[in-house]
Amino acid sequence: MSLAEPIPSASAKSPGGAGGSPNGPWAGFRHLLGARMLELAREKEVLFWVFAFPLLLALGLGFAFRNRPADRTEVAIISGPQAAHILSLFEDSPRRQGIHAEIIDRARARDGLRLGKYDLAVEALAPGEIQYQYDPARPESLLSKLEVNDVLQSGAGRKDVLSTDAVISSEPGSRYIDFLIPGLLGMNLMNSGMWGVGFALVDMRQRKLLKRFVATPMRRGDFLLALASSRLIMMVLEVVLLLGFGVLIFHMRVLGSMFTVLLIGALGAIAFGGLGLLTASRARKIESVSGLINLVMMPMWIFSGVFFSYERFPAVVLPLIRALPLTALNDALRATILEGSSLASQGGRLLVLVLWGGISFLLALHWFRWT
Amino acid sequence: MSTVIECRDLYKVYDGKVEAVRGLNLEIHAGECFGLLGPNGAGKTTTIEILEGLLEPTSGQVTILGQSWRRHARQLRERIGISLQETRLSEKLTVRETLELFASFYREPRPTDEVLEALELREKADALVGNLSGGQKQRLAVATALVASPQVLFLDEPTTGLDPQSRRQLWDIVRGFLEGGGTVLLTTHYMDEAERLCDRLAIIDHGQVIAQGTPAELIAKLGGHHVVEFALSGNAYADDTAWRLLPGVDSVHREDAIFSLAVREPHKTIPALLDAIEQRSAQLEHLTTRQGSLEDVFVRLTGRHLRED
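So the protein lines, in turn, are chains F and Y.
Quick note on numbering: the first sequence equals residues 1 to 371 in this note's numbering.
Quick note on numbering: the second sequence equals residues 1 to 309 in this note's numbering.
Hints in this document: simulated from the structure, not taken from any laboratory.
Remember, predicted model here, so these are calculated numbers, not experimental data.
Please note: incorrect hints may appear among the correct ones.
With a straight-line cut-off of 30 Å between C-alpha atoms, the simulated DSSO-like cross-links for lysine-lysine are [claimed, not checked]:
id, chain 1, residue 1, chain 2, residue 2
1, Y, Lys221, F, Lys208
2, F, Lys285, Y, Lys268
3, F, Lys211, Y, Lys17
4, F, Lys208, Y, Lys268
Cβ pair distances, simulated, as ranges [to be verified]:
id, chain 1, residue 1, chain 2, residue 2, range
5, Y, Tyr11, F, Phe48, 48 to 56 Å
6, F, Gly358, Y, Arg22, 40 to 48 Å
7, F, Pro299, Y, Asp192, 29 to 37 Å
Heads up, the beta-carbon is just placed ideally off N, CA and C, and yes, glycines get one too.
Given these sequences and hints, build the entire structure.
Structure, rendered in structure tokens:
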């Protein structure tokens, strides 16, 4: 800007009395969307349930079911004349890192065994004669016995006849957390779609805010479009946050393109937004819509393979399960994120989402009660 | 004087049986403040919501600013401002954000700052709606109507539940709008609100207009401008006619043990009344005199009070 330019006077900009600046055709939409986003950002509960809760769930379940290195074997060596010799065999063994052994008296060894502190107790009855004490019902005890026996035998001079080699297989992509994160993402899109649209609308109807809006020249299409847009913005944040979390904390690998993931997320957000709109189309009280939303979501929590594969259900019901929108969304997300499948290869799933969203939306528009 | 709001033979039947409005006629002129006065359940809200184009009448005609809701809904919405009974606006938006949201729906809204100033909400502009007092919330509700820069303002029970100071503040806002040339239609069950604010009134009961006119005209219809109320001990002289014959008495109304006389000249009636009581050697238990009110009009017309709690 050059200094020679005249400075516009303030009075020219805001004429008094005659009215403010005229609004363009999209002013209503922009303000509705802005207001919705501000409301969401200021609602602490929403921030928790939409963003923090799924992360906590992923964190908790991810650690509970993590693929951990085989636990260290805890061995009690019952004190006696040979105890120190046995201990030295462990310490000289190439597998000493996996085995922790200590010498203690018989009574404490028995207690420790009973409480699960030790997996196995070893006692030298005489030189060259070893007794193992363990509970065969505990898998780790069985493993310890085999492992300890191996160490002691080879320490005593046994030679292996076969030469063996092992390839470790614990790749990102096949772990439980890899299965879980896309499922949580799908579930989160369902939750926030149903509540973010269904609950929000009935709340506004109960407050008579919907009626107040239709008492203005507001275009109803703008209102619905703003609601849908706010869902899409939230969807992008949810996807980026949850996947980013998986990548950073659990070293997850996203094989498909982020664009495809977001496109599937958008279809999911629209499908559940449509369902949310449908559940909210008539209800006057938030109590009744809450029940309805839970009723709609319940079967999908159970059947749609969020936490475990739905393939475990009987084969007869599988086609029904696959027709649920959350199943389609979860399957599409998993295929894209874990296997890098293209959009074209999962037309069926995407069609399921489009149909759920489209049919609910049309029915909802037909039934929707503004006042 | 041009007619701004007109309705003829308005009927509204809910679920085929409840008749909320039964043949209502109204004609509201430009620049006036018109009140629908009536008890709860009289059909005031149904009537105003039909006039606002939010409810479809079962039958009857509505014309607003010469246009009909059926054909000119969008244009009409630009020209009127509405405050519903008990709208709870989003609590997580500030006052300014709420007003700007509503302003964005209109082609040519009033500047938000101007409305904030006019409604004494400037100090609260950045406060969340959830933190406002009842009076401030109600002013904001009216502000969302005024930001439209409307020609007609519809207010449904604008001061219900407010403290006296907030009510007066709201009345001033309505007067300001009227001074600017606007037309106001409001519903109320407060007779003082109707008397002080409204140029003309329709008293509504059971979905019908039972009296219409300026507050002064309606009170004059009582027959007198003053009311003398008295009670006698022992419930003697239940006969009204004796009191009707006293000088200056236009009508007698009795409720339980209390007689109310509609009186033109209390200074003539009261001495005569005291004499009459003494002649009958009855005991006067209670005597008051006051200006006649719309409440008296309503009681005379229906035998009930406006607010029956």
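Unmet hints by their number, sorted upward, for this structure: Structure breaks hints 1, 2, 4 and 7.
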